[in-house]
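**Student:** Residue numbers (our numbering), protein chains in the order written: chain A, 54 to 372; chain B, 54 to 372.
Just so you know, the hints here were simulated from the structure itself, not pulled from any lab data.
Don't take each hint at face value.
If chains are identical, the list can't say which one is meant, so a pair holds when it fits in one copy or spans any two.
As the list claims (entries may be wrong) - Here are the computed lysine to any residue pairs in the SDA-like style, where the Cα-Cα straight-line distance is at most 20 Å: (1) 336 to 193; (2) 336 to 293; (3) 343 to 100; (4) 251 to 306; (5) 336 to 190; (6) 336 to 281.
All values reported here derive from a predicted model rather than from experimental measurement.
There are 2 protein chains.
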Amino acid sequence: MLVLVTGGAGFIGSNLVDLLRRSGHSVRVLDNFSTGKREFLARTGDDTGTEVLEGDLLDLSFVERATAGVDSVIHLAANADVRFGWSHPRRDIEQNAVATQNVLEAMRLHSVRRIIFSSTGSVYGQSQTIPTPENAPFPTQTSLYGASKSAAEGLISAYAEAGVISASIFRFVSILGPRYTHGHVIDFVAQLSRDPSKLRVLGDGQQRKSYLHVSDCIAAIALRLNEDPGLEVLNLGTDEYCQVNDSIGWITARLGLSPSISHTGGDRGWVGDNPFIFLDTTKMQSLGWKPAYTIRQAVEETVDWIQENQWILSSANID
Amino acid sequence: MLVLVTGGAGFIGSNLVDLLRRSGHSVRVLDNFSTGKREFLARTGDDTGTEVLEGDLLDLSFVERATAGVDSVIHLAANADVRFGWSHPRRDIEQNAVATQNVLEAMRLHSVRRIIFSSTGSVYGQSQTIPTPENAPFPTQTSLYGASKSAAEGLISAYAEAGVISASIFRFVSILGPRYTHGHVIDFVAQLSRDPSKLRVLGDGQQRKSYLHVSDCIAAIALRLNEDPGLEVLNLGTDEYCQVNDSIGWITARLGLSPSISHTGGDRGWVGDNPFIFLDTTKMQSLGWKPAYTIRQAVEETVDWIQENQWILSSANID
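Model the full structure from these sequences, guided by the hints.
**Tutor:** Next up, the structure:
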């Protein structure tokens with residue numbers, strides 16, 4: 054099968070590309086390399102089963118060319134920067150909703166039926182139901198990121214209901230693991246590499262968050278690739294959550310450091326931060342998937358990977 | 054109060070402009086006249102309290118200029134063409150979501166806090182709960198129109214949650230009444246004016262639909278204009294629904310015609326048509342609003358208005 058992976062040079066994308074190649078699929082990577090990295094594709098440099106196209110999803114004719122001849126699309130490319138949405142308010146809707154429609158239109162043009170889409174638990178805003186199941190109402194978006202992913206989901210639903218495509222929409226918690234380039238673990242490791250004696254934490258550190266190891270994430274995607282569900286929405290996360298303060302303990306222990314910790318205070322790290330994210334993954338687990346990593350293991354493996362790949366600290370998008 | 058009404062030359066917009074002027078407000082109309090009509094603003098031609106700006110919401114600098122100095126915004130401009138979404142798939146997301154974000158950004162720039170937004174019962178897709186309350190889940194969009202309005206709602210929610218704006222989101226059923234320019238009543242009257250002996254109906258005519266008279270719609274908007282709700286979502290509709298076949302009976306009786314009626318068949322008129330729309334309006338009624346017109350009265354008054362304004366049959370967007 055020839056699979057188009059948008060954002061295939063990114064954190065999740067490049068891990069997925071490796072898995073697809075190991076499974077015998079051919080892969081076409083589409084990436085604009087705004088946050089994706091050529092280093093993540095390096096291992097597949099002499100791999101004739103991997104094709105890399107550099108370009109932007111907002112360029113419809115490029116997307117149409119890139120979609121010609123593929124069997125399915127895994128659409129991961131996105132502006133994944135939740136926290137800094139208010140610094141560039143139009144980026145989310147353009148890169149997450151308009152770009153997604155370009156992918157859908159290209160699929161329609163070439164009669165490519167199958168799409169897997171990376172949405173987010175952020176679409177639930179601050180859900181009243183925790184753990185949050187897929188059919189929980191989400192009347193109120195709390196971030197531009199969540200709003201734009203919800204918009205993309207709506208577009209995908211409309212195309213699926215019209216019979217144009219067959220879609221799996223995955224709503225992820227935060228993903229950790231090798232090639233991780235943005236989020237609290239890298240922020241904390243970066244702070245501690247500058248000054249191992251202190252750590253500044255946004256909010257009160259009591260925010261309860263869920264994390265999933267990238268291996269578990271891409272295993273779920275691969276499991277659904279050959280299916281034809283019409284339209285399905287699937288939460289992805291572990292059966293547990295942690296406090297940011299727990300994660301800090303695991304990170305500093307792994308680094309062998311005992312910094313003094315200061316909290317900026319408040320129950321949110323930033324405008325639109327969600328103080329409690331925990332998704333109900335019963336539906337995906339009933340399809341034969343189960344996460345292999347605990348949150349602690351995922352955090353520790355992420356710390357190890359950053360330690361072994363210090364170059365990422367200078368190239369990543371860090372506070 | 055100076056109120057900016059986007060889409061102020063349209064069906065609902067121009068009726069609202071008249072109401073606002075009668076209530077003593079100054080009005081700035083923003084319209085690109087793609088479906089809005091200068092005839093609908095004619096009565097206010099020598100009215101110094103009404104300013105008309107011609108331009109497009111996709112032009113951010115224009116929207117920013119138009120928003121300077123206003124006290125509140127009623128954002129009605131939209132691509133309201135549900136049925137023909139698949140003929141121009143990018144129009145919905147551009148004109149309903151991207152355009153809405155331009156309005157929000159212009160408000161942020163000028164610190165304009167209050168917005169009223171016209172969303173739609175279509176965001177519920179095919180709801181499992183009927184009558185459908187505001188907090189019903191809507192995981193599946195069935196039309197590009199619904200998806201794009203849901204996207205706009207998400208953006209508005211995110212801006213409201215961030216404290217940038219205070220928003221009332223109204224989810225309308227189909228609106229009828231004077232200056233109505235698109236939908237089944239004008240389609241049927243147009244068909245019968247070409248050939249009074251026969252009428253072709255999309256679907257089996259048993260689709261159950263809700264309609265609201267434009268006077269009742271704008272009364273609800275006016276009632277909330279001076280409020281500062283933070284964020285509220287309010288359904289608007291009557292306490293009843295009808296079948297398309299009921300409406301056909303009222304229309305033909307009003308015209309004094311007895312055409313032979315042919316149905317194209319199926320429970321939907323077109324891809325994404327919703328066979329049963331009925332909204333729970335308890336929330337808006339608890340705020341002191343009540344619709345004055347029955348659906349039959351709204352249909353009949355619409356027929357009368359079209360009869361008295363036959364010019365609309367040549368300029369409207371009719372099947």
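**Student:** Take the hints in turn and mark each one as holding or not.
**Tutor:** Results for each hint:
no.	hint	in the structure
1	336 to 193	between (23 Å within a copy, 17 Å between copies)
2	336 to 293	within (16 Å within a copy, 37 Å between copies)
3	343 to 100	neither (31 Å within a copy, 68 Å between copies)
4	251 to 306	within (14 Å within a copy, 81 Å between copies)
5	336 to 190	both (17 Å within a copy, 17 Å between copies)
6	336 to 281	within (16 Å within a copy, 40 Å between copies)
Violated hint for the displayed structure: number 3, the only one.
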